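Assemble the complex: chain Z is given as a structure, and chain E must be docked to it using the hints.
If you read the protein sequences in the order shown, they are chains Z and E. Read in UniProt numbering, the first sequence has 63 at position 63, and its numbers run on one by one without any break. Read in UniProt numbering, the second sequence has 89 at position 89, and its numbers run on one by one without any break.
If you are wondering where the hints come from, they were derived from the structure by calculation, not from laboratory data. In this text the structure is predicted, and so the values were computed from the model without any measurement. Mixed in with the good hints there might be a few duds.
Claimed, not checked - Computed spacing ranges between beta-carbons, pair by pair:
#1 D156/Z x D214/E: 45 to 55 Å
#2 K68/Z x E26/E: 50 to 60 Å
#3 M130/Z x E36/E: 44 to 54 Å
Even for Gly, the Cβ is constructed at its ideal location relative to N, Cα and C.
Here is what each chain is made of, one letter per residue.
There are 2 protein chains.
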Amino acid sequence: MSEKYISKAVIGRLPRYYRYLGELLENDEERISSEELSKLMKVTASQIRQDFNNFGGFGQQGYGYNVKYLYGEIGKILGVEQKHNVILVGAGNLGSALAKYPSFPKRGFTISGIFDVNPDVIGKTLNGIMVRPMDEMEEFIVNNVIDIAAITVPRDEAQTLAEKIVNAGVKAIWNFSPVDLNVGDDVVVENVHMTDSLLKLSFNLAAMKSGKWDYRI
Amino acid sequence: MSEKYISKAVIGRLPRYYRYLGELLENDEERISSEELSKLMKVTASQIRQDFNNFGGFGQQGYGYNVKYLYGEIGKILGVEQKHNVILVGAGNLGSALAKYPSFPKRGFTISGIFDVNPDVIGKTLNGIMVRPMDEMEEFIVNNVIDIAAITVPRDEAQTLAEKIVNAGVKAIWNFSPVDLNVGDDVVVENVHMTDSLLKLSFNLAAMKSGKWDYRI
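Chain Z extracted, bound-state conformation (with noise of 0.2 Å):
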């Protein structure tokens, strides 16, 4: 029991700072405050050196954090200085999407292969890789090193779907299907729900609108 407790609203700040410190390397910038990183992203400087102490405080000086060591310790940290194969489960339209987003190869994370039940879209390439049967995804998990598969299914085959990823060996879902899904414990999911995001949006929106709620932080 030797795990440090890292809390979810931490975790979730994570890649926003990875975000802001990948553009301030873009920029040439050599070090930042927390005061200066606080102004940017609009947290509190003491918000930032509580989440940076979670994992040892990355050695703030005087003069402020060296942004290329923060960067690629906070890099470490969300385990992206390793390379992950991912496999795309769903080659419908936002399953195309996924295989073209150019952000995810940057950061290492390779799409090795993408698999669909449609006769017409198997056989097919996204983005040079070919879209193979649905039948032949377990297979082809076993055969190769698969870190994380995104389900772009349909609500209904979802949870079957991830059954499958998970006993032939896959312990990361990218869940894009408006479903939450049961799995091991040994195995984790991160969500997108795209309908949920939306309704947020529309709640906030008639929340603004008729000033019933006070919905900001």
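Just chain E now, kept in the frame of chain Z:
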């Protein structure tokens, strides 16, 4: 100051309640107790009751909630009883996927216009809607009643376009660009940061494998 404060966490859970209740309704379930809903959704019954109490409690009786009534009430709170006109700003891979996403029209979100700068895309149709030149966007917003703009353009173009969208009168932005938009307090923004989401998954996978951090709730 008669506004009732609703926390972000509660708002974040509302669409999920709505999703589950919609499924119960499809399955002709008439009533559900907070305990049954708790088991189904894997949140505590007390959390459900607390969440619902923000909105008056929806009248749970001894025999539970009326599913249809609860679905309708949460739908009203989420603003889905109103029709929303949506424009897509950016008709790339992700914009195209959104244009074809079947759940949005079902929930009353109608794509009324699609805009892009790419001459190869302008004039083509996506799900029956013609892609228009980006420089017609502001006039289109002014001449039509547009509630929501979904932005799927590259990072460097997002802020400028967001300002144009807001100046033309749109009050809600669904932002898929990997950047945090600066807009006024009278505009609501909901972000879907794909790479941030993938990096969270990558963190959780690395944390699970290393046992260095306890990342669960």
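Do D156/Z and D214/E keep their Cβ atoms within the hinted range of 45 to 55 Å?
-> violated (34 Å)
Is 50 to 60 Å a correct range for the gap between the Cβ atoms of K68/Z and E26/E?
-> The hinted range 50 to 60 Å holds for K68/Z and E26/E, with Cβ atoms some 52 Å apart.
Mind checking the hinted window 44 to 54 Å against the Cβ distance between M130/Z and E36/E?
-> holds (45 Å)
The structure is inconsistent with hint 1 alone, although it conforms to all the rest.
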